[in-house]
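Starting from the known structure of chain P, arrange chains X and S on it as the hints suggest.
For the record, the sequence lines run as chains P, X and S.
Under the numbering used here, residues 734 to 1069 are what the first sequence spells out, in order.
Under the numbering used here, residues 6 to 450 are what the second sequence spells out, in order.
Under the numbering used here, residues 557 to 934 are what the third sequence spells out, in order.
One should not assume that every hint holds.
[Stated by the list, open to error] Pair ranges (Cβ atoms, derived): (1) P:Ala844 x S:Gly837: 52 to 60 Å; (2) X:Tyr45 x S:Gly835: 14 to 22 Å; (3) S:Phe650 x P:Ile1053: 43 to 51 Å.
Derived by calculation from the structure, the hints in this document are not laboratory data.
Glycine included, C-beta positions come from ideal geometry on N, C-alpha and C.
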Amino acid sequence: MKRATLTLGLAFGLGLVADAASAQTLKTVKDRGSLICGVGQGLPGFSSPDDKGAWTGLDVDLCRGIAAAIFNDPNKVKYTPLSAKDRFEPLKSGEIDVLARNTTWTLSRDALFNFTAVNYYDGQGFMVRKALKVNSALELNGASICTQTGTTTELNLGDYFRANNMRYEVIAFATADETVKAYESGRCDVLTTDVSQLYAEKLKLTNANDHVILPEIISKEPLGPLVRHGDDQWFDIVKWVHFAMLNAEELGVTSKNIDEALKSNLPEIRRLLGIEGNFGEQIGLTKDWVVRIVRHVGNYAEVFDRNVGTGSRLGISRGINRLWTKGGIQYAPPIR
Amino acid sequence: MDQGRHPVRPADPVSETATGLRAPPRVALYNNPKVRSAFYQIVVLVVLVACAYAFVVNARANLAAQGFGSGFGFLGNTAGFGINQTLIAYSETDSYGRVFLVGLLNTLLVAGIGIVLATILGFIIGIARLSPNWLVARLAGGYVELIRNLPLLFQILFWYLAVLLGALPGPRDSIGLGLQPILARLAGATRWLGLPDAVAQWWQGLADWIGPPELYLSNRGLILPRPVFGEGSEFVVAALALAILATIALRLWARRRRDATGRPFPVGWAGFGLIVGLPLATLVVLGAPISLEQPVLRGFNFVGGVRVIPEFVALLIALVTYTAAFIAEVVRAGIMAIPRGQSEAAQALGLQRGAMLRLIIVPQALRVIVPPLTNQYLNLTKNSSLGVAIGYPDLFALFAGTVLNQTHQAIEIIAITMAVYLLISLVTSLLMNLYNARTRRLVER
Amino acid sequence: MSAHAYLRRDMIGPMPPPLAATGFVGWVRRQLFGSVLNSVLTLASFLLLIALAVPTIRFLVIDAVWEGASRADCLEETLGRPVGACWPFIAAKFKQFMYGFYPENELWRVNLTYALGVILLAPLLVPRLPYKTVNAILFFGVFPVVAFFLLVGGVFGLTHVETRVWGGMLVTLVISFTGIIGSLPFGILLALGRRSDLPIVRMLCIIFIEFWRGVPLITVLFFATYMLPLFLPGNWRIDPLLRVLIGVVLFAGAYMAEVVRGGLQAIPRGQYEGATALGFGYWRMTGLVILPQALKYVIPGIVNSFIALFKDTTLVLIVAIFDLLGQLRAAFADPNWSTPVTLFTGFAFAGIIYFVISFAMSRYALYTERRLDTGAAR
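Looking at chain P on its own, in the form it has when it is part of the complex (with noise of 0.2 Å):
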């Protein structure tokens, strides 16, 4: 009896979501007023809340910039933060709408749902402590090495350490945190994971000048936003948030200079603003959507400095995810 109130009771108190796998995202999006977007538990750089609540990070300004499309104020988003281990099941269900959440593009996933685009080109690396006096993995031969379970990680290390005829010993938690207590504790010499979270969780420990990140990228990891199958519309929206910042960036348009641009003689900025053509609307947006984003977010340039880059207290440099025309290959393909 008094489950059966509290499953109704929460199903009115939550809303019930009609069909999971009905083609009317935006739909449902727009007559909630806000996004819902599945995000990390806390990784710096990525998705992590200050001490007040409010969300900051590269997945996060990526979910900001869909919102700041669909109803040009960045802020109507929801964050739902999510573990490894339990990521995909809130998207399958309809509890998120989109998973930001610096989740590896792989076969085995796409087969569930659909990758919309790679917002960060990472792999796999070691942090180890400078006292080891470790310059590469290749010298890791019968270490201890923490990980997380559930992660592409532990099978990566698998891998790499078989393929180098070399022992090890693997501990594996079940939080990053945990992870990182265990390795900041000594119980193991080895981190690995991600390179980008490796930057993120050495701000966590407490001595961070005492580890190093060694120079081994062991694995490819495409990290991008998810959506489910069956979507179309939704799908494009999402790839197509991330292609305009790159776009923006490629073409020079800032949130700084964006009133400037909008009065550009420039064909291709003012397909992209929206002055010119009806693309936005070709995907269920506004005409101006590219406005919004930049304004509100900024292009992909401002948002990779402010969160990971050198404007951040991670200091990644660019690399691989420079545009194509500088090295990298972040590559947008054109909006007409």
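This is chains X and S only, laid out in the frame that chain P set:
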């Protein structure tokens, strides 16, 4: 009542009288207890089957939508990840089925050792709680109250995070244990005491002769030397088996002799001597075929030797101390259930407290102790699954943790895990019930 | 008087008093130092006590830091003396420990719920106060509904608060109380079913009870978290906390069934026969005659179940729900407070809370047991 003169029909109490000639009253179908009971049971069955059917249909639909795959074929897929404690040979190319075996063995290991140690500690504390020494009794009581009122997960995390990881040094600063460090400290102590230097030198020389410490304690675990079985070691093992059989036979013979003539025989000491002495003698005669491989610190960790990971130690300590508190209460209840007359009679016979407990009280108390003790053993086995919180690779952490994350086949994995725990519980209950039957063979006047 | 040698002329001087055999000193001699073994044991225990108590008190009180704003205030280098517990760490995280991330301006709802709970529970615990039935109905029937609407919100103008942000003591108490309140009717039904004459019902109840008692609680939580959504139609979303609550109620119900069964077995057959003689059917007999007596007998058992459930709420940490222990573990990861004593301070704080509540409840159980004179005092 004369059954022969009437047709055989089920006795109907409402109508049977002394003459027994009245016809049975007509009872409405819905008032007939048999019909009602059958009806209710059918209703229950129908509801149950309908629910089960609905669940199965929903599950099928949901699984198809998810596309994760189903069936038990995943047990043959390659695992791809490493495990840091394996009692059997395991590598990343082994299948999920082998992962299951490794996890199961780890669970049985911690449960088995935990049960033995918890019983010993529990009995000690339970008896200490009944000690006439006020301080000892209160200390034991305080221990029981403190441990029973703190959650087990809390205690596991405490032992792991605060004690093992917090207090122990890294592998390069390992604490050496064993004979050598003791002798070295003795040497230091003699110097400090001001005794002649020759004595200190003698201790030091002995310490150096023994070589490096045998055991190392660090936050990577406890490193023990590993026995290496060379040629001829089968004889040592055979000698050990022989000694055990001989002790059992000796016990039977001693009991028979005591029942016949009343003369006791120190089976305990003799058995101990046999079990230790016979294999040792074989060892010496054959020229030490079993050698010890000493662990050596090379690079990051120790190479060689047997490593007991700190997760195992923390889990074991927490489980043992927690369950021992409950066993202590069970033992205390059992001992207090014995009538006072028994202990008074024992004292009148001149038995000291130790002998009284060993020969009179505890054998009788076992009848009361064994059923709740079984319960505690089952609890310990089930609680061993909490090792997942500190990364101990037992069945739950490996199978329902890592494998579940990688294959997403929740129903099969959780069903297998639950079935295995049920099986372990059943087997433990069965064995304890056999033992219980033995204690009930106690013959009273 | 003739001068016989054996006759005394002077009074014998007073003899020294005998060694004390009574009073405190005598008690000490007898109890603590009665024999060699006893003396050794006493000395060892005393040393053990000193070795445990002195560092604990020094850590918790003497060397403790009482004020500060960040980790620097709890480091040995800053203070220049050995540092004990870092209480500012607890103070800074206190709100998280008690409420989780419940929105600040809605905390009054949680406090109101706590207050209501205390007001309704306290009279129920004191045996002497009257109106127990009304009190019980209010506490077990009305209070859960009111608490649900207060905490979750979404109606009556209260903003909706997702269960994902609940944490700390709030979650611990919600799970324990819901577990007990939900498992009580469920356990009663199971116990009655187990004693039923209908063979199928009895067999089903036995299988159900033995199954749930034979598996660890953590597998039940995993079952509820991962498998329950699969068994329901695809478009139903169940809140993660609700899944855990369902799992806990199922698990606790099986254990409660055994406790209630013990009470049912203690009812003499005469009660059943008397009720049948009065013409009561099964349900009237059970509801009006048997259950009130049985439940009174098993109150100590129910309180013990509650203590066990209260301690088992810590397991939800493993399915990523943040109860008090989960919040504690998350707080350990904050680099702002990372010092060598943070771990011990946090464990001391949580340990004190758990110990005080569990100990109080177990004392209450003993008290009711003694009052009802039915407990297995052995």
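For this structure, which hints from the list above don't hold up?
none
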